[in-house]
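K.L.:
Those protein sequence lines, which keep their order, are chains A and P.
At position 91 of the first sequence the residue is numbered 91 (the numbering used here), and the sequence of numbers has no breaks.
Just so we're on the same page, the numbering used here is the position in the second sequence counted from 1, plus 226.
There could be a bad hint or two in this list.
[To be verified] Taking lysine to any residue pairs in the SDA-like style, the calculated list, with each CA pair at most 20 Å apart, reads:
id	chain 1	residue 1	chain 2	residue 2
1	A	149	A	186
2	A	83	P	437
3	P	478	A	4
4	P	474	A	186
5	A	5	P	328
6	P	474	A	13
[Stated by the list, open to error] Okay, the calculated beta carbon distance ranges per label pair:
id	chain 1	residue 1	chain 2	residue 2	range
7	P	252	A	127	42 to 52 Å
8	P	440	A	75	16 to 26 Å
9	P	290	A	118	15 to 25 Å
10	P	238	A	87	15 to 25 Å
Think of the hints as simulated: they come from the structure by calculation, not from any bench.
Glycine residues also receive a C-beta, built at the ideal position from the N, C-alpha and C atoms.
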Amino acid sequence: MEFFKNAVGRKILMSITGQLLIIFVIVHFIGNSSIFLGADGINAYAKHLHDLPPLVWIFRLVMLTGVAIHIIYGIQVTLENNKANTKSYAVQKHLKATFASKTMIWTGLLIALFVLYHLAHFTLHITNPEISAGVAANFDALQRPDVFKMVVLSFQKGLIAVIYAAAMVMLFLHLSHGIQSFLQTMGWNNDKTRPCFGAVGKVVSGLLLVGYVSIPLVIITGLLKL
Amino acid sequence: MSEHKTMTLTLNVWRQKGPNDPGKFETYTAKGITEHHSFLEMIDVVNEDLIKSGKEPIVFDHDCREGICGMCSQVINGVPHGGQERTTVCQLHMRKFKDGDTIFIEPWRATAFPIIKDLVVDRSAYDTIIQAGGYTSCHTGGVPDGNTLPIPKQDADYAMDAAECIGCGACAAACPNSSAMLFTSAKVAQLAALPQGQVEAAARVKNMVETMQACGFGNCSNHYECQAACPKGIDVKFIARLNREYLKAQFK
Ligand code: HEM
Ligand code: SF4
Ligand code: FES
Chain A
1 MEFFKNAVGR
11 KILMSITGQL
21 LIIFVIVHFI
31 GNSSIFLGAD
41 GINAYAKHLH
51 DLPPLVWIFR
61 LVMLTGVAIH
71 IIYGIQVTLE
81 NNKANTKSYA
91 VQKHLKATFA
101 SKTMIWTGLL
111 IALFVLYHLA
121 HFTLHITNPE
131 ISAGVAANFD
141 ALQRPDVFKM
151 VVLSFQKGLI
161 AVIYAAAMVM
171 LFLHLSHGIQ
181 SFLQTMGWNN
191 DKTRPCFGAV
201 GKVVSGLLLV
211 GYVSIPLVII
221 TGLLKL
Chain P
227 MSEHKTMTLT
237 LNVWRQKGPN
247 DPGKFETYTA
257 KGITEHHSFL
267 EMIDVVNEDL
277 IKSGKEPIVF
287 DHDCREGICG
297 MCSQVINGVP
307 HGGQERTTVC
317 QLHMRKFKDG
327 DTIFIEPWRA
337 TAFPIIKDLV
347 VDRSAYDTII
357 QAGGYTSCHT
367 GGVPDGNTLP
377 IPKQDADYAM
387 DAAECIGCGA
397 CAAACPNSSA
407 MLFTSAKVAQ
417 LAALPQGQVE
427 AAARVKNMVE
437 TMQACGFGNC
447 SNHYECQAAC
457 PKGIDVKFIA
467 RLNREYLKAQ
477 FK
């Protein structure tokens, strides 16, 4: 179908899948923040998620499809843009484009890499098995897998905390351009809303950055411990 | 008459013999330039010197020299049309520069705008996009009486704002993706706002966007460089309108 090859059609698909991903990162943060309630909070939340098997799989399928569409079109559109632009100005001054807007493909690909690492770390328990492998077998007092212990032991390691924080900076950059961009792509924008959406985009991405980074931060500083 | 102080400037100008020549920068000295010279007149002065010394003058596009035809097309110090708000190269004046300045002058650079010679590029791709639907072909019979087709003032103003585009190509020249979305959207939005444009609205937006792609322009990443470079201040709200029109066209 023409829509899937069209310059605007593909951007609309990127926009919709981007919106889906934004909803996910917001909900995921709200869920994760249960760690501030201590072991009881996050272990109960994790148990809840695991007790919804059919739903979890439908959800995973939708997310996987969305991510695939977003990444495939992201790469395709960027390659086309590079071909259309000769990149041969001796002097070029950008008046409006930002570091964030010019690096969408790189912040995006780094986020994708991080998601793979994140799954290997907390879901598949491939990296740092000395922390996580124990956890699957390690149940808390209520016979729930001790996710709290796994997270705290992980973020007490400087390298892991830094990887997570760096990935959240990538997400911040991606969304500080992406949020106002998806509104424009959907056509939900005009000259009056544009400055406002630009500011809202930066504030929302900033809040997500602060929120997500606060978790490894409170752990590595020892404010939150076992 | 008051006495004019004159300026001496160093120009780094892109010289390219033809489409297949690799091209290179040449350095020239512009002497005796006053603040009242327009940018193009400044190049005229340099060209006279070049002709007198038996060299080939710098070839550049121009026509009206009053900011309405869209022919003048130079990237000056990294910004199409030189970066003065809502100003074409021909309307840019040397009072914006000062004695001793070094100025880089380059042609529009985009795969879809191949260089013909020096600063002249082939912008016929923009005509191709218009030919794909940037018109209305309703049969209206004889000339209709004035005011038989009432159009609200707001719609007329909106359409006129979009119709200000002079087709100069600065939007694609400024875009990091060499996208022609600002130009294409201005025509789509102009006609979508008017009753005459409704009949062909769905086909127009699809055909114009497809043609833009086929011409080799990139996709829009919403950097908004185009609006900043546009000598007519065409607003990127028209790109949002195009996106809306494109979505609407899917359900037609
Ligand atoms: C949590 C993950 C992600 C979120 C929330 C997200 C969100 C967004 C949003 C909202 C946009 C704006 C869409 C538009 O302009 O209409 C966008 C654009 C983009 N995304 Fe993502 N994205 C994510 C991951 C990725 C990944 C993994 C890639 C890898 C390739 C990627 C590549 C891109 C590119 C290249 C663009 C710009 C496309 C363009 O305008 O030219 N994103 N993203
Ligand atoms: S939109 Fe502005 S920059 Fe683009 S062609 Fe029209 S007048 Fe020139
Ligand atoms: S020469 Fe006509 S707009 Fe500049």
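K.L.:
State for each hint whether it applies.
P.N.:
Hints, one by one, checked against the model:
The straight-line distance between the Cα atoms of residue 149 of chain A and residue 186 of chain A is roughly 43 Å, outside the 20 Å bound, and the hint therefore fails. Only pairs whose Cα atoms come within 20 Å are accepted, and residue 83 of chain A paired with residue 437 of chain P is accepted, the gap being roughly 16 Å. For a cut-off of 20 Å, the pair hint linking residue 478 of chain P to residue 4 of chain A stands: about 17 Å separates their Cα positions. For the suggested pair residue 474 of chain P and residue 186 of chain A, the alpha carbons sit about 11 Å apart, so the restraint of at most 20 Å is met.
Annotation: proposed proximity of residue 5 of chain A to residue 328 of chain P is violated, straight-line Cα distance about 44 Å (limit 20 Å). Between residue 474 of chain P and residue 13 of chain A the alpha-carbon distance is near 15 Å, which keeps this suggested pair within the 20 Å criterion. At about 58 Å, the CB distance of residue 252 of chain P to residue 127 of chain A disagrees with the hint of 42 to 52 Å. Range check, residue 440 of chain P to residue 75 of chain A: Cβ separation about 21 Å, and the 16 to 26 Å hint holds.
A hinted range of 15 to 25 Å for the beta carbons of residue 290 of chain P and residue 118 of chain A is inconsistent with their spacing of about 59 Å. Between residue 238 of chain P and residue 87 of chain A the CB atoms are about 18 Å apart, so this pair conforms to the stated range of 15 to 25 Å.
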